[in-house]
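Number of protein chains: 2
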Amino acid sequence: MTRIALALVHHPVLDRAGSAVTTAITNLDLHDIARSARTYGVPDFFVVHPIAAQRLLAERIREHWVTGSGKQRIPDRAEALALLRVVSAMDDVYTALAGDAGRGGVELWTTAASSRSGSLTAYHDARERLAASARPVLITFGTGWGLARDLVDDADVRLAPICAGADTGYNHLSVRAACAITLDRLLG
Amino acid sequence: MTRIALALVHHPVLDRAGSAVTTAITNLDLHDIARSARTYGVPDFFVVHPIAAQRLLAERIREHWVTGSGKQRIPDRAEALALLRVVSAMDDVYTALAGDAGRGGVELWTTAASSRSGSLTAYHDARERLAASARPVLITFGTGWGLARDLVDDADVRLAPICAGADTGYNHLSVRAACAITLDRLLG
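The listed protein sequences correspond, in order, to chains A and B.
At position 76 of the first sequence the residue is numbered 76 (my numbering), and the sequence of numbers has no breaks.
To convert, take the position in the second sequence, counting from 1, and add 188; that gives my numbering.
Isolated chain A, as found in the complex (with noise of 0.2 Å):
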């Protein structure tokens, strides 16, 4: 089984102007999408971050609902929440996944809500590849106005858009509905 990862990542993201800029945590970003991975099977849950405090923050959701009175109230969180791992660049993510190969010794994959970067992989090549890696399988999902464009440059693999089956003229889904619905694709 290849090993699988989903990274959040808050910068670097652009915002509407196409501007690199760091984004705030959001609460049920946390929730949802450690739920979705501890559903499908996906063992780490990476939120980057480069500013201390929203890291702290983070920590804090976490605590509360693995160890602290959250667990108590809602136990099934606690599995959920235990996946996320808060660190404060991509470079750390690699370092976790594949220790000293860094970047190298890990498969980046990046998703996007338009088609504006080339040579898009669709779904169904995306999960013969990803059952196929020798190495992690890192799958990342920006907030704010999507991953910037480096970063985009960067992926060994960029999933194309999800897209609807009829045009419906509309592509703005939340990245908590995204990574639900990019997880059931690759492994539901």
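Hints in this document: simulated from the structure, not taken from any laboratory.
None of the values given here were measured: they were computed from a predicted structure.
Don't take every hint at face value.
Partial chain A-side listing against chain B, Cβ under 10 Å, derived [unchecked claim]:
hint : residue
1    : 38
2    : 169
3    : 173
4    : 174
Ideal Cβ positions, reconstructed from N, Cα and C, are used throughout, including at glycine.
Let chain A serve as the given structure and place chain B on it in line with the hints.
Chain B only, in chain A's frame:
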């Protein structure tokens, strides 16, 4: 094309202990499900809540994004939240979809995370049934610990729980994630 509608039900739903309760509205439920509905071409998203103050809250959220200052900031969001229809009970949903025919004029589908209800319909079969339905199809999602028994018993179709490919022993998706996956499986 079959007319499809979604309903997010806050009453009657279950609590942890299996009692029928009323849950509070969650802001991001409205956003995420509206965005998923719009992306997949579903024209109606009903929010069902028996308490007037909670309906007012939902109406204000809708107004903020459809005609208020939210629309200036994120114009795409207006198109999604314009699908939102806030009603007090399931009967209002039936009347909105089928007029005087009411419940009899609607094909009622329920979703659930567990398979406690018998005669479940797999997604593959549901997809065919959806395309062939002469009546509008209403797909309902429960908040809290899921839809109350009476509603599930009344359903024409009970969708099978979303099943991850491998047996991961965990099935606690958020309603936002479950709705996104359901739409992708039925319409994607």
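- request: Kindly indicate which numbered hints from before are broken by the structure, ordering the numbers from low to high.
  value: none
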